[in-house]
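Student: Okay, here's what each chain looks like letter by letter:
2 protein chains.
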Amino acid sequence: MAQYSLNFKGLPFETIWVEFPDIATVSKKIGTLPTSEKHSSSHYTLPAIHDPSTGTTIADSVLIAEYLDATYPDTPKLFPPGTLALQLAFIDAFMPRLRALFQFVVLPTNNILNPPSAAYFRSTREKAFGTTLEQLAPTGTAGEEQWAKVKEGLGVVNGWLEKGKDDGPFVLGQEPAFVDFFLASYIQWLKVIWDEDSVQWKDISSWHGGRWVALIKALEKYETAV
Amino acid sequence: MAQYSLNFKGLPFETIWVEFPDIATVSKKIGTLPTSEKHSSSHYTLPAIHDPSTGTTIADSVLIAEYLDATYPDTPKLFPPGTLALQLAFIDAFMPRLRALFQFVVLPTNNILNPPSAAYFRSTREKAFGTTLEQLAPTGTAGEEQWAKVKEGLGVVNGWLEKGKDDGPFVLGQEPAFVDFFLASYIQWLKVIWDEDSVQWKDISSWHGGRWVALIKALEKYETAV
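Chain order of the listed sequences is C and P. Reminder that position 91 of the first sequence reads as 91 in UniProt numbering, one-by-one numbering, no gaps. Reminder that position 216 of the second sequence reads as 216 in UniProt numbering, one-by-one numbering, no gaps.
Derived from the structure by calculation, the hints contain no laboratory data. Predicted model only: the values in this text are computed from it and were never measured. Worth double-checking, as some hints may not be accurate.
Where chains are identical, the list cannot tell them apart; a pair therefore holds if satisfied intra-copy or between any two copies.
Said to hold, decoys possible - In silico lysine-lysine, DSS-like type, Cα no more than 30 Å apart, as pairs:
id	residue 1	residue 2
1	Lys191	Lys217
2	Lys163	Lys29
3	Lys163	Lys77
4	Lys217	Lys202
5	Lys163	Lys28
6	Lys9	Lys163
7	Lys165	Lys9
8	Lys149	Lys28
9	Lys165	Lys77
10	Lys127	Lys149
All chains, please: the whole structure from these sequences, using the hints.
Tutor: Next up, the structure:
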């Protein structure tokens, strides 16, 4: 999401990839704040940016986007005037609609990580879920029912977008905004964890008139990590 | 919400109040569609409008607002261009944040209804919840914990609005839109079911810098039912 935001604004950046076990150490070192508190301990997440022109270091995709809008007022706005509260609500509404998805994505996400991240991700998630990653996704009829719920949840989001389609191809109309990049990041992630020939990706590509593939295609030029 | 929408647009209307047991009959008679299907049976809700200038009859606050925007393009927009999808998402995000509230409002809502509505409301809700309305709201420590969750949920909504406050007093900025009337309708309802001297209303009035009272005050001129 931060890469989309930076590219959309035409701000140059350099990406440093961090393995999961190093996130807390690196975050403390560069001076970002924890993005949440879990079980009374600070929880650090990426992305984070360090802006050498102001000396600011900041974590959390939304806060990064707000910072970039405020600090670089002459670049395209991720939150055009009057849309910040609504875009935050959109994100809040989106997450519960995707709840059924999570059990399906944990294992394939683990499978694409580098070994140090994969080991860390597996052990923390297996502890949290109380089961192996392999046993997390339901199979058979239960699996089909849950997968139908994924489609149904994305269908609700599609319903909002479909109603607004007369305004233009993006959520706010002719130009993309933060919520478009937010949605595209999720779809990109699904495309990466499942290969293009997988049943899952073929399903998602076919749902809702091909909206999800069209979205990442439309935002392709803002994807590049440099 | 429909009254707010009509007043905001300056469209004249006449209100006909319908008691709960008559909603389905009246809805079928005027020709609105059911707003949902529950247990394989059609569920009718109010508000509904009948527009004699087009012959259209329509139920559901959101659909009414969309209809009014489309049919009367020279009146102020409830969904300004580029905000329909976001406003729908806002409503979707708002409802789960208010979940803790519902157990507190059922009994006082019942108490302000006319006798035929009160009897209908009580019997349908007691059947649905499997308990008397008097026993629905938690008391003592459990009650305090649940009430704190009401404040927390409204606090999340306040967080979105607070972040957008530089744009103006309303969600989209200087002018109210559908989501403002949507929020105000909920707050109005709370003010009506609890009298102004109640602990509950005093609490709500004091929360989040007095935002909720300020909101209904700011929209007061659009309230009148004629």
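Student: For every hint, state whether the structure bears it out.
Tutor: Consistency of the hints with the structure:
| no. | hint | verdict |
| --- | --- | --- |
| 1 | Lys191 to Lys217 | within (12 Å within a copy, 48 Å between copies) |
| 2 | Lys163 to Lys29 | between (46 Å within a copy, 28 Å between copies) |
| 3 | Lys163 to Lys77 | both (23 Å within a copy, 15 Å between copies) |
| 4 | Lys217 to Lys202 | within (15 Å within a copy, 52 Å between copies) |
| 5 | Lys163 to Lys28 | between (44 Å within a copy, 26 Å between copies) |
| 6 | Lys9 to Lys163 | both (28 Å within a copy, 21 Å between copies) |
| 7 | Lys165 to Lys9 | both (24 Å within a copy, 23 Å between copies) |
| 8 | Lys149 to Lys28 | neither (39 Å within a copy, 32 Å between copies) |
| 9 | Lys165 to Lys77 | both (20 Å within a copy, 17 Å between copies) |
| 10 | Lys127 to Lys149 | both (25 Å within a copy, 28 Å between copies) |
The structure fails hint 8 only (numbered hints given earlier).
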